[in-house]
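Asks: The primary structure of each chain is shown beneath.
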Amino acid sequence: MKYKISMFLVLVILFSAKSIAHPIKMSTGKVSYNKEQRNIEVTLNFFIDDFLQHLKVIYHSQDLDFKEMSKDALSIVEDYIRNKLKISVNFKPYELKILTTNIIEENVFQVILILDNFNPQYIKTIEISNELLIDAFKDQSNIIHIQMDKDSESQPYRFMRGNTYKVFKINYQCN
Amino acid sequence: MSDIGFYFKEGIHHITDIKGYDHMLFIITLCAFYRFDQWKRLTVLVTAFTIGHSLTLALSSLDILRINQSLVETLIPVTILLTSIYNVVAKAKKDRKFALNYLLAMFFGLIHGMGFSNFFKSMMMGISDTSIVIPLFGFNLGIEVGQLFIVAIFMAILYISTRIMHVQHRDWKIFISGGGAIMSLSMIINAILSI
Chain D
1 MKYKISMFLV
11 LVILFSAKSI
21 AHPIKMSTGK
31 VSYNKEQRNI
41 EVTLNFFIDD
51 FLQHLKVIYH
61 SQDLDFKEMS
71 KDALSIVEDY
81 IRNKLKISVN
91 FKPYELKILT
101 TNIIEENVFQ
111 VILILDNFNP
121 QYIKTIEISN
131 ELLIDAFKDQ
141 SNIIHIQMDK
151 DSESQPYRFM
161 RGNTYKVFKI
171 NYQCN
Chain F
1 MSDIGFYFKE
11 GIHHITDIKG
21 YDHMLFIITL
31 CAFYRFDQWK
41 RLTVLVTAFT
51 IGHSLTLALS
61 SLDILRINQS
71 LVETLIPVTI
81 LLTSIYNVVA
91 KAKKDRKFAL
101 NYLLAMFFGL
111 IHGMGFSNFF
121 KSMMMGISDT
131 SIVIPLFGFN
141 LGIEVGQLFI
151 VAIFMAILYI
161 STRIMHVQHR
171 DWKIFISGGG
181 AIMSLSMIIN
191 AILSI
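In order, the protein sequences belong to chains D and F.
Residue numbers for the first sequence follow the numbering used here, beginning at 1 and rising by one.
Residue numbers for the second sequence follow the numbering used here, beginning at 1 and rising by one.
Next comes chain D alone, as it looks inside the complex (with noise of 0.2 Å):
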């Protein structure tokens, strides 16, 4: 009878082991001052699964991939950052610009940005709005990191539904 019931468990936990998955609906990312760009370089960073589906269904493209990013893939995700993730400085908007992306994780795919047109010498304030696939999912978090080099502080902030925008005291001198 034991051994009946030890089993029955083992099946259970195998089949149910693909399944049970606790869903997270997350993204990270980090705001940053590159010296030698002379500009302020965003990172985002999402699970491939959940924005290339997104991506798909609101663009129609089934065809997009991120492993072989193609100019309109680029396009594409460039001009969703741009419509769900709006960056101010000194409450004056920027453009973001795609740099690159990269697959860093077996299911994490990284965009790195900058600043379109970025020239201030003094970062007083950032002001940020991140809806980044809060329309596709209601429990979306969105982690932002801000902190402008390794000396200053973090500030670290979850964006998510009802709760999309956010000004960061910065006061970091750029040279």
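Honestly, the hints are just simulated from the structure, not real lab data.
Take these hints with a grain of salt, some might be off.
[Said to hold, decoys possible] Derived DEER-like restraints, expressed as beta-carbon distance ranges:
hint	chain 1	residue 1	chain 2	residue 2	range
1	F	Asp63	D	Ser70	45 to 51 Å
2	D	Glu41	F	Ser186	45 to 51 Å
3	F	Ile189	D	Arg82	56 to 62 Å
4	F	Phe107	D	Arg161	33 to 39 Å
5	F	Phe107	D	Ser152	39 to 45 Å
6	D	Lys92	F	Ser186	50 to 56 Å
7	D	Lys92	F	Ile189	54 to 60 Å
8	F	Ile64	D	Ile112	25 to 31 Å
Note that beta-carbon positions come from the ideal geometry of N, C-alpha and C, so glycine has one too.
Keeping the supplied structure of chain D fixed, place chain F upon it in accordance with the hints.
Replies: Same frame as chain D, but now just chain F:
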């Protein structure tokens, strides 16, 4: 907010989040076995669970331990189910039985810790070039504080139920354990049906 403060808050939020109730359900089911006057034993038991999950949270988050996450998420409701069954079938407590309870709580803690690390690693994806020690410490501390909060609320309800409303502890234990068993079974069955 600094890194440690942010991840501390995330730890509390993760364990007390009603939408992700599996960890909370395990703690409640674990506590159900004990009467209000056995709070010292309960404290030791929860400490055992804490030691277990802190260990695997750290090892898994630092990539020293790698386990299939789908398997971990399956084992978590199994720990709840087994604890529920144990609460109902276990008879008189003796010291050696308590030692077994302690070891079981620690072992189940190892499993839950791997579940916590899944969430923590998601929060660190793509930004692990920075040190994760402070965020990990903050997150684990938040989980411990959240856990204490859950136990405190549970003990308050236990006191009201058994000391003021005079519910028999046996009935209380069966009610809580039954609820734990049903909810964990439904998690497991849902998973099977969604294959």
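Asks: Each of the hints needs a verdict: does it hold here or not?
Replies: Verification of the hints:
1. Checking the proposed 45 to 51 Å range against Asp63 (chain F) and Ser70 (chain D) shows it is violated: the Cβ atoms sit about 33 Å from each other.
2. Range check, Glu41 (chain D) to Ser186 (chain F): about 46 Å between beta-carbon atoms, so the 45 to 51 Å window is met.
3. At about 44 Å, the beta-carbon gap between Ile189 (chain F) and Arg82 (chain D) misses the expected band of 56 to 62 Å.
4. In this structure the hint that Phe107 (chain F) and Arg161 (chain D) lie 33 to 39 Å apart at CB holds, the actual value being about 38 Å.
5. Checked against the hint of 39 to 45 Å, the pair Phe107 (chain F) and Ser152 (chain D) passes, with Cβ atoms roughly 43 Å apart.
6. Checked against the hint of 50 to 56 Å, the pair Lys92 (chain D) and Ser186 (chain F) passes, with Cβ atoms roughly 53 Å apart.
7. The beta-carbon spacing between Lys92 (chain D) and Ile189 (chain F), approximately 55 Å, falls within the hinted interval of 54 to 60 Å.
8. One distance hint, 25 to 31 Å for the beta-carbon pair Ile64 (chain F) and Ile112 (chain D), holds here, with the actual separation near 29 Å.
Violated hints for the displayed structure, listed by number in ascending order: 1 and 3.
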